[in-house]
Amino acid sequence: MSPLLEIRNLKKYFEVRNGYLHAVDGVNLSIEEGKTLGVVGESGCGKTTLGRTVIGLETPTSGGIIFNGINLMTCSQKKRRELRKEMQMIFQDPYSSLNPRMSVQELIAEPLLVNRVCSSRAVYEKTADLMDMVGLAQRLASAYPHELDGGRRQRIGVARALAQNPKFIVCDEPVSALDVSIQAQILNLLMDLQEAQGLTYLFITHDLSVVRHISDDIAVMYLGKCAELCPSKLLFKDPRHPYTRALLSSIPVPKSSSRRKPRTNIIRGEVVSPINPKPGCRFAPRCPHATEACTAGDIPLKEVAPGHYVACVLED
Amino acid sequence: MALSAKTRARKAKKHSEVKEVWRRFRKNKAAMIGLGLAILIVLVAVFADVIVPYDRTTTQVAEKRLQGPSSEHPFGTDHLGRDLFARIVHGSRYSLFIGVSTSVLSLVVGCLLGAACGYFGGRLDNVVMRLLDVFMSVPPVLLSLAVVAALGPNLRNLLIAITISCVPGTVRLIRSVVLTVVDQDFIDAARSYGASNLRIIVKYVLPNAIGPIIVHTTMNIANMILSAAGLSFIGMGVQPPAPEWGALLSSARVYMFRAPYLLYFPGSAILMAALSFNLVGDGLRDALDPRLRN
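Top line first, the protein sequences correspond to chains C and F.
In terms of numbering that gives the first Met the number 0, the first sequence has 274 at position 275, counting the first letter as 1, and numbering is strictly consecutive.
In terms of numbering that gives the first Met the number 0, the second sequence has 217 at position 218, counting the first letter as 1, and numbering is strictly consecutive.
Be aware that a few hints might be false.
[Stated by the list, open to error] Keeping only pairs whose Cα atoms sit at most 27 Å apart, straight-line, the calculated DSS-like set for lysine-lysine is:
| no. | chain 1 | residue 1 | chain 2 | residue 2 |
| --- | --- | --- | --- | --- |
| 1 | C | K34 | C | K125 |
| 2 | F | K202 | C | K125 |
| 3 | F | K202 | C | K77 |
| 4 | C | K277 | C | K232 |
| 5 | C | K84 | F | K63 |
None of these hints come from the bench; they were simulated from the model.
Extracted from the complex, chain C is given alone in its bound form (with noise of 0.2 Å):
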């Protein structure tokens, strides 16, 4: 089965005043359709950046996107428009990611009237199934964002997203400025929809425990490379690279009176600029295991086990 999207060698540098920065630098990611891809990183590996180039928010420096079969940079700009309905966006922030001049039945309704799906007496139609598809009441249609809580908001953004029928979501941290009670509600929400609806997610996200309950796969990131790629489960019992072990010994443990001794290994040093950054392994400069080879030359992607890919000289 081909992948409903495939993001091969995508590059995206911003032009800075001492060079470029390299917030995505050469990554490759594939996703099934009907499946969940999360990407894990801290803050600045470009993992936001990544999700807004493949929605079109960024232009690519070089790479392509392909989706559906059909590569996004090459095609004509009327396919590109008519793909681009396909793929949409759930933002970080409920709060500013929503009109405040807007009640919630216009905020959905919005990419609907901006396309000119269908009549505005469908619109409206189409606005309420939406609503009750993500669990909104209908008293709320003409409420206004600022009345509402942060839960009830995302749920707008989750509709808004579902508003063109999409194949593919990008979901840019959706549930981290949620509070831990409804983050579960809107992950709930979003796996349902996929089921249902058999969507496909880029889930974007810095939060491991979040990743895990979602993803079939997932990509670590780090400084705008892409580390290690495997399926889920593989990822937290086999972990390759430095750096998703580090990770992955950061996650709390929540007994307290085990006896396990703490193992957190924890990171030393800083990260380093992204602006022109060296060649190599962007994490040598803090992996306890760097060698020469690391900063050698670019490392390659390496499948070490069927589906698990990882980049690190130590896989050799």
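Position chain F relative to chain C; hints supplied.
Chain F in isolation, oriented as in the chain C frame:
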């Protein structure tokens, strides 16, 4: 049915928001006094012909030159024996018309340029802003003077001159407000589902920038009334037979000591008009400020 629900919702929202602003505005005594004065001036301008017929402003009675206030001429008469009260009442039309029309004109230009600069940024923003810097480096009065001097003094050119002198400030203000709105995620969201730039500016950016724009425009009316009166006073605006307040002051200054009331009344009228709109603008600023919401 769904549609009617939508319009109802929209009305309810507008209603509640306007009500809320009005509630806060009402608490502000100075603003309420300003609003009262402003309404008074508007009423006088609208019903000028009912209050006193226009021909009283031109009737010259030689034996009644420079008479002080009396029951027949409440504000006295000028050096040609014309009734000052009639002239001030009809002059309110000039001041109000100039103040409002120049403010609206600069608002339109300001919205177009300011929104475009703030939204698109880049080269357009740079070019327009540097051009406006050139305009702003000249004092506004001097700029208006230069324009009138080049075009010739009459009402139309006065409007042009005043508008030009006030456009740069308006563009800058709107640009800065737009910049704070454009940063927000809902603009990206609108782009992500394919809204056009025009739609984003009209439906997303400007509605969220409306508060400061309203305040600025109200304050502008006061400033424009003052500059119009100022330019007419030095003879670069509305020309003397017309009963413009600045022109009234100008022709009265020769008789400053013999008939000081000729200065008092038009002077107070200008002061009142400018003050009232300033107070309203101030009150609106406080009432619209989200930080003061409780």
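Taken at face value, is the distance from the CA of C:K77 to the CA of F:K202 at most 27 Å? 24 Å, holds
Pair hint F:K202 and C:K125, alpha-carbon separation not exceeding 27 Å: This hinted pair holds, its Cα atoms lying about 21 Å apart.
With the threshold set at 27 Å, check whether the alpha-carbon distance from C:K84 to F:K63 stays at or below it. 80 Å, violated
C:K34 paired with C:K125 [C-alpha distance capped at 27 Å]: 26 Å, holds
Take the C-alpha atoms of C:K277 and C:K232, compute the straight-line distance between them, and say whether it is at most 27 Å. Violated, at about 32 Å.
Violated hints for the displayed structure, listed by number in ascending order: 4 and 5.
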